[in-house]
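Using the sequences plus the hints, can you model the full thing?
Chain order of the listed sequences is A and B.
To convert, note that position 232 of the first sequence is 232 in my numbering; the numbers rise steadily by one, no gaps.
For my numbering, count along the second sequence from 1 and bump the result up by 309.
Don't take every hint at face value.
Said to hold, decoys possible - Per the computed footprint, the stretches of chain A lying under chain B, defined by three or more beta-carbons under 8 Å from a beta-carbon of chain B, are:
id: 1; stretch: 209-220
id: 2; stretch: 262-276
Unchecked claim - Each computed DSS-like pair below joins lysine-lysine, with the alpha-carbon atoms no more than 25 Å apart:
id: 3; chain 1: A; residue 1: K95; chain 2: A; residue 2: K48
id: 4; chain 1: B; residue 1: K588; chain 2: A; residue 2: K266
id: 5; chain 1: B; residue 1: K515; chain 2: A; residue 2: K266
id: 6; chain 1: A; residue 1: K206; chain 2: B; residue 2: K575
id: 7; chain 1: B; residue 1: K400; chain 2: B; residue 2: K377
id: 8; chain 1: B; residue 1: K359; chain 2: B; residue 2: K377
id: 9; chain 1: A; residue 1: K206; chain 2: A; residue 2: K279
id: 10; chain 1: B; residue 1: K357; chain 2: B; residue 2: K377
id: 11; chain 1: A; residue 1: K48; chain 2: A; residue 2: K144
id: 12; chain 1: A; residue 1: K266; chain 2: A; residue 2: K251
id: 13; chain 1: B; residue 1: K575; chain 2: A; residue 2: K266
id: 14; chain 1: B; residue 1: K357; chain 2: B; residue 2: K400
id: 15; chain 1: B; residue 1: K575; chain 2: B; residue 2: K560
id: 16; chain 1: A; residue 1: K279; chain 2: B; residue 2: K588
id: 17; chain 1: A; residue 1: K206; chain 2: B; residue 2: K377
id: 18; chain 1: B; residue 1: K515; chain 2: A; residue 2: K251
It is worth saying that the hints were derived from the structure and are not from the lab.
All C-beta atoms in this analysis are idealised placements derived from N, C-alpha and C, irrespective of residue type, glycine included.
Number of protein chains: 2
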Amino acid sequence: MFQNISQSIADRSIHIGWIGLGVMGKPMAQHLLDAGYHLRVYSRTPSKAKPLLDRGASFGITAADVAKHCDVVFTMVGYPADVDEVYFGAKGIFKSTRPQQILIDMTTTQPFLAQRIAMQAQRCGCVSLDIPVSGGDVGAREGKLSMMVGGDEDAFRNVGPLLSHFGTNMVYQGGAGAGQHAKMCNQIVIAGTMIGTCEAMMYGYKAGLDMHVVLQSIASGAAGCWTLNNLVPRMLDRNFEPGFFVDHFIKDMQIALEESRRMGLKLEGLQLAHQLYEKTSQLGYGKKGTHALLLALEQLARNDRSQTI
Amino acid sequence: MFQNISQSIADRSIHIGWIGLGVMGKPMAQHLLDAGYHLRVYSRTPSKAKPLLDRGASFGITAADVAKHCDVVFTMVGYPADVDEVYFGAKGIFKSTRPQQILIDMTTTQPFLAQRIAMQAQRCGCVSLDIPVSGGDVGAREGKLSMMVGGDEDAFRNVGPLLSHFGTNMVYQGGAGAGQHAKMCNQIVIAGTMIGTCEAMMYGYKAGLDMHVVLQSIASGAAGCWTLNNLVPRMLDRNFEPGFFVDHFIKDMQIALEESRRMGLKLEGLQLAHQLYEKTSQLGYGKKGTHALLLALEQLARNDRSQTI
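Pasting the structure below:
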């Protein structure tokens with residue numbers, strides 16, 4: 001079904017749309033420009049498009065306009081409401097889709113929303129993929145993202161050469177929404193490792209340990225995790241810049257909680273993580289990195305008269 | 310102060326005591342025998358000593374008897390009450406300690422108990438070390454344990470050649486109890502990674518994902534952890550044999566909770582993990598591996614009429 005697209009990817013004649021030029025979307029779009037593709041971009045904040053336009057991209061005045069001119073359309077926006085808007089809104093993608101077009105949402109969003117997009121795409125004779133990523137802004141810049149793929153498998157195989165500019169780990173997880181579900185698994189694990197790690201830091205500080213030294217004992221054993229290796233050094237430097245925003249992590253955990261409730265599942269660890277991160281955001285750390293949970297735990301302990309930190 | 314010991318370790322004339330021949334203690338004692346040291350062993354269950362006696366070890370009829378004949382005494386028993394008994398009991402080590410002896414407790418136990426042992430040792434003119442380990446029975450058998458060292462630093466440097474038979478990662482964490490505190494940090498991180506991982510498994514199963522495939526997407530990214538790499542494959546095989554016993558993990562978490570309460574610290578994630586593991590044990594999985602938390606979560610979800618798993 002997608003031979004034409006496969007061929008036009010190979011000879012760079014394909015027209016690619018890119019919607020969303022935030023901290024993730026912009027470097028990803030740039031990788032495609034670097035690789036020699038025609039790009040038409042759209043951003044709610046047009047100034048964000050300038051560096052891409054300077055390098056040859058064209059600007060779409062709406063998401064619908066991007067969809068009208070492109071064979072493959074990528075979206076990488078912020079919240080589920082933004083995804084809803086760019087697909088189903090009055091100036092959205094579905095106002096001007098055409099048969100055989102491939103729509104690829106890389107935002108982390110609701111599995112249910114990915115399924116709605118897939119159904120609407122089918123009605124329009126085109127197909128959709130949900131491909132949330134992990135690896136953060138660094139992964140996006142370095143082209144080292146991990147991609148979790150849901151939706152039309154044939155379409156996925158055909159756009160693989162495009163995706164390869166974003167990273168090498170791309171795994172097909174199943175039908176529409178399965179990419180989002182896999183991403184939720186990822187975030188649920190992280191919720192646990194973040195709580196465990198930050199609480200261990202609280203304990204170790206209070207016990208008078210040198211956490212640099214503790215790290216030498218525990219990082220390579222059964223407690224070993226990405227968080228210990230990558231975020232604890234930043235905590236030790238009191239550097240809480242993102243990385244991955246607290247507020248975006250809260251959004252992801254809300255999706256996972258809604259989805260698990262919908263499936264009749266109670267996940268107490270995830271609930272606790274969500275509560276603690278809500279408090280972290282309320283304390284003003286929403287735009288800090290997820291490891292700012294430590295800052296919040298410290299502040300909550302100081303304010304709690306039953307604790308003596 | 311410990312030159313004599315250092316020399317007698319080098320020429321194998323040192324007499325080493327070993328108390329506790331369980332799943333950890335026995336292989337560790339065997340490493341010392343293999344290395345050509347004189348060993349005097351004690352176990353509450355004398356039959357456990359047989360393989361060691363067959364290979365040249367002598368048997369002490371009590372912990373006090375072992376201490377009486379040895380320059381360095383290792384203890385590796387089960388619960389804090391057992392440690393208390395072998396050190397302070399009527400037939401315990403402190404009934405027959407002598408100056409310059411080095412007492413090394415490798416049990417995971419209370420930091421406070423390690424400090425009590427250190428104080429009593431000082432009164433007797435000898436010294437103590439608390440060196441809990443991580444790496445489990447496999448690490449013990451393969452000589453690949455990670456050792457977290459608290460207590461007399463000079464003594465630690467001098468017994469290093471003995472410890473090197475148990476593993477290469479040995480890090481001095483501070484005075485008496487600091488080894489135990491570092492181990493608690495280790496267990497607190499694990500409590501988080503276990504909840505996150507098992508809840509992600511629950512979510513993924515319910516969402517209809519193939520968790521083998523999800524693992525390919527998430528194991529190498531920000532969710533990556535020892536638990537994902539080592540325990541999820543066992544969960545996927547429905548193999549819940551230990552590894553590390555649920556009941557021993559509960560003991561460790563109880564110590565960490567008591568100690569954090571004593572320090573005026575509230576660790577909600579650790580509290581939740583402790584509650585969930587208590588339920589896991591109550592369901593009959595106390596002698597299963599820690600990843601049997603998944604079994605418990607599954608069973609609790611089935612029994613909870615508000616959940617629909």
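**Message:** To test your reading of the hints: which numbers does this structure violate?
**Reply:** Structure breaks hints 16 and 17.
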